[in-house]
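Here is what each chain is made of, one letter per residue.
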Amino acid sequence: MPLTAGGPLKIVTSSDLGPLGFKDGSPVAFTWVLPSIAPLLLPWLVILGLLALKPNRRPAAWLIWLPLTAVMALTLLPPIMPASASFLLDAIAALAFGLAAVWLLSNYLRRAHRLLTFFCVLPTLAAFSALAFVARQGGSWLEVETLQIGIFLAVGALASTIALSLGGWICRSRYRPLGIYPWLFALLAMAWLLMSAPFFLFAVLASGGQIPWSEFFTPVLAVAAGNFVLLFPFLILSSSCAFFRERLKALLNVKLDIPPQLPATSLKT
Amino acid sequence: MFRAAILTVFAGVAMLSGGSDFGPVVSPTKDTVTATLSYQETGQSVINWSLYVTPQTTPFKKEPPVSPSHLVRGVLNFGDGPSNAIPFLWQRDAGKLFLDLNRNQDLTDDPAGAFSTGLRAPLSYQTFTNVHLAFNTAQGRIQVSADLNFWDYGDRPGGSMSVRSYWQGKVTLQGQDWQVGVIPTIGSGIKGNKNISIETGHLLLRPWENREQAFNAYGGSLDTVPFSQKLFFGGHAYQLNLQTGSADGEFRPALDFLEQPAALGDLKITGKYIKRLMLPGNNYLAILDHPAGTVKVPAGNYKQPSVLLEKGGIEASSTADPWQSDTKIVVTADGKVPAVLDLGGPLTNSVAVARHGRDLRLDYRLIGAGGVTYQLVAQDRSQPPEFAVYRGDKQIASGKFEFG
Chain A
6 MPLTAGGPLK IVTSSDLGPL GFKDGSPVAF TWVLPSIAPL LLPWLVILGL LALKPNRRPA
66 AWLIWLPLTA VMALTLLPPI MPASASFLLD AIAALAFGLA AVWLLSNYLR RAHRLLTFFC
126 VLPTLAAFSA LAFVARQGGS WLEVETLQIG IFLAVGALAS TIALSLGGWI CRSRYRPLGI
186 YPWLFALLAM AWLLMSAPFF LFAVLASGGQ IPWSEFFTPV LAVAAGNFVL LFPFLILSSS
246 CAFFRERLKA LLNVKLDIPP QLPATSLKT
Chain B
36 MFRAAILTVF AGVAMLSGGS DFGPVVSPTK DTVTATLSYQ ETGQSVINWS LYVTPQTTPF
96 KKEPPVSPSH LVRGVLNFGD GPSNAIPFLW QRDAGKLFLD LNRNQDLTDD PAGAFSTGLR
156 APLSYQTFTN VHLAFNTAQG RIQVSADLNF WDYGDRPGGS MSVRSYWQGK VTLQGQDWQV
216 GVIPTIGSGI KGNKNISIET GHLLLRPWEN REQAFNAYGG SLDTVPFSQK LFFGGHAYQL
276 NLQTGSADGE FRPALDFLEQ PAALGDLKIT GKYIKRLMLP GNNYLAILDH PAGTVKVPAG
336 NYKQPSVLLE KGGIEASSTA DPWQSDTKIV VTADGKVPAV LDLGGPLTNS VAVARHGRDL
396 RLDYRLIGAG GVTYQLVAQD RSQPPEFAVY RGDKQIASGK FEFG
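Going line by line, the protein sequences match chains A and B.
Each position in the first sequence, counted from 1, maps to that position plus 5 in my numbering.
Each position in the second sequence, counted from 1, maps to that position plus 35 in my numbering.
The reader is advised that the hints may include incorrect statements.
Result set (DSBU-like, lysine-lysine): computed pairs, CA atoms no more than 30 Å apart in a straight line [as the list claims (entries may be wrong)]:
hint, chain 1, residue 1, chain 2, residue 2
1, B, Lys303, B, Lys331
2, A, Lys28, B, Lys310
3, B, Lys307, B, Lys338
4, A, Lys15, B, Lys435
5, B, Lys131, B, Lys265
6, A, Lys28, B, Lys307
7, B, Lys307, B, Lys435
8, B, Lys265, B, Lys331
9, B, Lys307, B, Lys371
10, B, Lys310, B, Lys331
11, B, Lys307, B, Lys363
12, B, Lys429, B, Lys371
13, B, Lys429, B, Lys363
14, B, Lys96, B, Lys131
15, B, Lys265, A, Lys15
16, A, Lys28, B, Lys371
17, B, Lys371, B, Lys338
18, B, Lys346, B, Lys429
19, B, Lys429, A, Lys28
20, B, Lys363, B, Lys331
21, B, Lys331, B, Lys307
22, B, Lys331, B, Lys346
23, B, Lys346, B, Lys310
24, B, Lys363, B, Lys338
25, B, Lys265, A, Lys28
26, A, Lys28, B, Lys131
27, B, Lys307, A, Lys15
What the hints contain is simulated information worked out from the structure, not anything from laboratory work.
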């Protein structure tokens, strides 16, 4: 549970034990030191810094806050999943910052060859996501569980980058929103399935084949769907805003709408 | 302190569910009482075992007419060799199971080996009830009544067996009637425990008046304990010997109770409401019913107790590992200072609190004396434990714990 009030706390649990004991337990004392707000602000400040870059000095660039705040609001809604799975929200929030950074930096990340673009986008997305994730974790980012979430985040970054790269390739270097969206979803599902398969096969071997396939496909496809939902606000922004449409095209490595630079000799005066 | 045994044993008879109070009386020998145990079936599972399935594509020597679609063919492995393996056909779309009970690779000559789910069962998971199996062991031919659960989710078929049979009888020791019984281990052959045996199984031991109550070996009730040849219960130490011989090769068990002289020491139990306490020791497995204050147990070292608390019909059992593995209680017979066992009720709702990043993690704990953790035997999952967080006197947060 997130807590916004610091200081000495008392926690009381209660459950009907009948005559075996009292319903209310003894208060358990715990001193909650309110975490510093500075690390939480860091990812937002980084995005602000990216907006100061020359290619982003346009009013339209500030629309990047829309998908970002939409995803953040989603993670702050009343819990839609059990507490044991709440770590996914941390990963989603971190990946959203990573995507926002990649969208703002896409002019720098695009390369002539699609593979080179992939190798520029992947570390950028992973680095900015990791920065946001570490900042969100406070001082506990070396805990084993947190490291596991970090691995989950890394896989998410890889799956997103693969989907963007292959999506542009499948669309034959042309930007077609209605075509690219379903393809991105399918590619995300494929990427997650392929990356999860070795872990599942290992578990199957270790258990002597006692794990049903449904325990593999159902959660993996659910995670892939969640990844697409995370990507979707950025895609909507790119469809509705010419500035970010060019950024998405850069990430997809498809043709830009910028008029071709004609040779000076062909100009007639 | 030793006392002579005054024992009367009523041999078990083939009792229907609920049992009978009457049966042939076995005349006790001078020191040994022998209780003949009879086969008993119940309506509830007493223990569960995994089924290790070896699938195969090659047809058996003779098979009933089955559709090749949705067919699982294979062998159920039992024991440490192929002699107890049972070939089977599982026709999933028809909800039928064919077992080669006589193990001759002919699945058409086993009239008692054909089963049907009787319901419109899903293709991936089906249960076949009232299956009677027999296994050849060094102790005789053991029969088992069970429900077999099969599943196949597309990779490798698997299954489990809910056993609904055991052997039981009545014994009167020191003027108290007990229901005693044995539940064999049925190993799955290839993985894990490979045995089919009584000595590695469970011993049923509870007051005779409780004989009609359902029990199982995994619910924390402690009606059953690991089978032990050195047993201390009812304030007396016994050597248990399992007789299994019979002229016709069938498993016809009997339990010999030979009272043993044992040096006893004092054990002071600090907690309350203990219905049954099981103390595995290096000399005896001690079972104490309703112990309170200072009790006598055989001298020795004891580790890893299991305890069942009860008051007003509410029961709570200790969790699997209540102590650190290296903790032990040493009971001596020198009559000086009693060993102290910090165990029992009353219970207290508590919580383990830990910081996790920006979150506060709360883990519910039900704690008794000595910090031992418990769980209610009949926990109402619709009413999970709740918590409230206070700063000063002001409540700033509250919620319910989630199971899992």
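Sort out whether lysine 15 of chain A lies within 30 Å of lysine 265 of chain B, counting only the CA atoms. violated (49 Å)
Given the hinted pair lysine 331 of chain B and lysine 307 of chain B, is their alpha-carbon gap at most 30 Å? The hint holds at about 17 Å.
Measure nothing beyond the straight line between the CA atoms of lysine 307 of chain B and lysine 15 of chain A; if it is 30 Å or shorter, mark the hint as holding. holds (28 Å)
Given the hinted pair lysine 28 of chain A and lysine 307 of chain B, is their Cα-Cα distance within 30 Å? holds (17 Å)
Measure nothing beyond the straight line between the CA atoms of lysine 28 of chain A and lysine 310 of chain B; if it is 30 Å or shorter, mark the hint as holding. holds (21 Å)
Is lysine 429 of chain B close enough to lysine 363 of chain B, meaning Cα to Cα at most 30 Å? Answer violated: lysine 429 of chain B to lysine 363 of chain B is near 44 Å, above 30 Å.
Does the alpha-carbon distance linking lysine 307 of chain B and lysine 363 of chain B stay inside the 30 Å limit? holds (20 Å)
Satisfaction of hint between lysine 338 of chain B and lysine 307 of chain B, Cα-Cα up to 30 Å: Given that 30 Å is the threshold and the Cα spacing comes to 20 Å, the pair holds.
Run the distance test for lysine 96 of chain B versus lysine 131 of chain B: straight-line Cα separation, threshold 30 Å. holds (19 Å)
Does lysine 331 of chain B lie within 30 Å of lysine 265 of chain B when you go C-alpha to C-alpha? Distance ~16 Å between lysine 265 of chain B and lysine 331 of chain B Cα, so the pair holds.
Is lysine 429 of chain B close enough to lysine 371 of chain B, meaning Cα to Cα at most 30 Å? violated (52 Å)
Lysine 429 of chain B paired with lysine 28 of chain A [C-alpha distance capped at 30 Å]: Distance ~20 Å between lysine 429 of chain B and lysine 28 of chain A Cα, so the pair holds.
When held up to the earlier numbered hints, the structure conflicts with 5, 12, 13, 15, 16, 18, 25, 26 and fits the remainder.
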